[in-house]
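Colleague: Each chain, letter by letter, is given below.
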Amino acid sequence: MMKRVLCVWLFLVVFPLSSNVARAAEKKERPPVDIRELLLGHLKDSYSWHFFTMGEKEIALPLPIIVRSKERGWFVFSSARLHEEEGYKGFTLSTEEKTAGKVVETNSMGETVRPFDISITKNVVALFFSCLLLMVIVLSLSRWYTKQEKEGNHNAVPGGIKGALEWFIMSVHDGVVKSCVGKDYQRYSPYLLTLFFFIFLNNILGLIPIFPAGANLTGNIAVTMGLALCTMVAINVFGNKEYWKEILWPDVPIFMKAPIPIMQVIELFGIITKPMALMIRLFANIFAGHIIILALTSLVFLTVAMGPAINASMSVVSVLFSALMLVLELLVAYIQAYVFTMLSAIFIGLSRKEPIPVKKPELPIENRLKK
Amino acid sequence: MDLMIPDSGLLFWMLIAFGILFLILARFGWPAITGMVERRNERIDKALSDAAAARQLLATLKLQEERILQQSREEQEKLLEQTRALRQQLIEEAKAAAEKESKILIEKGREQLQLEKEVAMQEIRIQVAALSIEIAEKLLRQQLTKETSQRELIDRLLDESLTPQA
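Going down the list, the sequences are from chains A and B. Under this note's numbering, think of the first position of the first sequence as 1, with each following residue one higher. Under this note's numbering, think of the first position of the second sequence as 1001, with each following residue one higher.
Since the hints were derived computationally from the structure, they do not count as laboratory data. Please note that the accuracy of each hint is not assured.
[Stated by the list, open to error] Label pairs and their computed distance ranges (CB to CB):
hint: 1; chain 1: A; residue 1: Asn-155; chain 2: B; residue 2: Ala-1026; range: 36 to 42 angstroms
hint: 2; chain 1: B; residue 1: Asn-1041; chain 2: A; residue 2: Trp-74; range: 35 to 41 angstroms
hint: 3; chain 1: A; residue 1: Pro-250; chain 2: B; residue 2: Gly-1035; range: 46 to 52 angstroms
hint: 4; chain 1: A; residue 1: Gly-73; chain 2: B; residue 2: Ala-1026; range: 25 to 31 angstroms
hint: 5; chain 1: A; residue 1: Val-157; chain 2: B; residue 2: Ala-1026; range: 23 to 29 angstroms
hint: 6; chain 1: A; residue 1: Gln-186; chain 2: B; residue 2: Arg-1073; range: 57 to 63 angstroms
hint: 7; chain 1: B; residue 1: Phe-1012; chain 2: A; residue 2: Thr-146; range: 43 to 49 angstroms
hint: 8; chain 1: B; residue 1: Gln-1070; chain 2: A; residue 2: Asn-155; range: 38 to 44 angstroms
hint: 9; chain 1: A; residue 1: Pro-250; chain 2: B; residue 2: Asn-1041; range: 24 to 30 angstroms
hint: 10; chain 1: B; residue 1: Arg-1073; chain 2: A; residue 2: Asn-155; range: 44 to 50 angstroms
The beta-carbon is built from N, C-alpha and C at its ideal position, and this holds for glycine as well.
Chain A extracted, bound-state conformation:
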């Protein structure tokens, strides 16, 4: 049915129009769309929150820039100042290959150097927003529980959205935390729950293209690195004796660990590769998903030069496919949050495992029979 409607629409409306308009379009010279810049520009962090371009004017929310110059100390100013021609007090947006788009400072020697930069960028705003949102959601739910507990309704079961949230939280709590960490899971469940819902919420917010959602937060390697660092701390700081014994003196033939510490090097390397894998996996999955959706969307702009017929049909294709991709990304949002949390839980569980009990050698049969 859909196909037939589409065909009829294409033949009746688009093709008759196209021949005339296409010729008109050819006459106008348009600059080719730099698709690489378009895609990466949407996915990268920026100093202001750009909404859309109206004609020549860019509608954007300027954000505060916080930098510390080695020579002159701290500076706080609006990012709108950077777009002025000569920048602000020696700070400009870099145009060099290595630090493109970042704030750079021209120091007294005339060199451009990068200052210590903790500006509230687009991603930082999105980060604060999502943290606040998660806090509001979870705290309002927990307040409901404490209120019920205070009123003596010990068996109160929430309904509606609260009930759905309870199911979601408990599914992670029971299915991931409890089953992967093991014995003292209660100690780690707050961290792992925060981890899961932080990733999940940001994955979802990344798919919503409207302010204040829409920043590519979990597809940014600094964010995933922060999460991976937290997991690394949780694994290694609270690891027990058995865990460190397995790293420093594993149960392998002596020549593999004694004069040259081969196993120790491998195991110590593992401390870094585990969170590293978490960091790259989450970043790459979310980043790739965003790239695909954006690339499918940019088909609309890419095919403008090929004439209205192809442009119109490709627009339909692009919208259909990007809708499909968004649905897929919803799944990926959950799966990646789940995988990151589950692997963190498994690594934590491994760092707290009990020593394997050594089996006593059994008596020979004759001796047993004598007894």
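Position chain B against the provided structure of chain A, taking the given hints into account.
Modeller: Structure of chain B alone, referenced to chain A:
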């Protein structure tokens, strides 16, 4: 490619924001939720096992009750049997006593009857004697008139008085 190089500023804010988020949620958020749900689950489990135990108890109680009922029914049956036997016995005894009594009574009655009969006979005898005397008087009065008729009369009288006795 600068995409793969983590930005220090964002990392800085990320660690701060995520750290604060974790501390707040770990203190005020998750424990209240998971704690209450786990306690609720425990209570539900306990209630279920309690119900199962109660059901078990009820079943044994029912069994016991049935046994007691059966016992009491048997006892009742036994008692009934006993009373029935007792009644029979009492009736028998009463019957025997009554029979004995009635026999005595009949015996007494018979004796009384005999006695009365005898008294009656005595009276009859007296009457007969009186009658005889009367007849004899009458005879004596008629005797004086005619010898033959006297004889006839005596014969007739004798016949009369002797016939019923014979």
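Colleague: It remains to establish, for every hint, whether it holds in the given structure.
Modeller: Here is how each hint holds up against the structure:
Distance hint check for Asn-155 of chain A and Ala-1026 of chain B: the Cβ-Cβ separation is about 25 angstroms, which falls outside the suggested range of 36 to 42 angstroms. Checked against the hint of 35 to 41 angstroms, the C-beta distance between Asn-1041 of chain B and Trp-74 of chain A comes to roughly 52 angstroms, which is inconsistent with it. For the hinted restraint 46 to 52 angstroms between Pro-250 of chain A and Gly-1035 of chain B, the CB-CB distance of approximately 38 angstroms leaves it violated. Checked against the hint of 25 to 31 angstroms, the pair Gly-73 of chain A and Ala-1026 of chain B fails, with Cβ atoms roughly 36 angstroms apart.
A hinted range of 23 to 29 angstroms holds for the C-beta pair Val-157 of chain A and Ala-1026 of chain B, which are about 24 angstroms apart. Taking the beta carbon of each, Gln-186 of chain A and Arg-1073 of chain B are about 59 angstroms apart, inside 57 to 63 angstroms as hinted. One distance hint, 43 to 49 angstroms for the beta-carbon pair Phe-1012 of chain B and Thr-146 of chain A, is violated here, with the actual separation near 34 angstroms. Taken as a hint, the range 38 to 44 angstroms holds for the pair Gln-1070 of chain B and Asn-155 of chain A, whose Cβ atoms sit roughly 42 angstroms apart.
Separated by about 39 angstroms at the C-beta atoms, Pro-250 of chain A and Asn-1041 of chain B break the suggested range of 24 to 30 angstroms. Against the hinted window of 44 to 50 angstroms, the Cβ-Cβ separation of Arg-1073 of chain B and Asn-155 of chain A comes to about 45 angstroms, which satisfies the hint.
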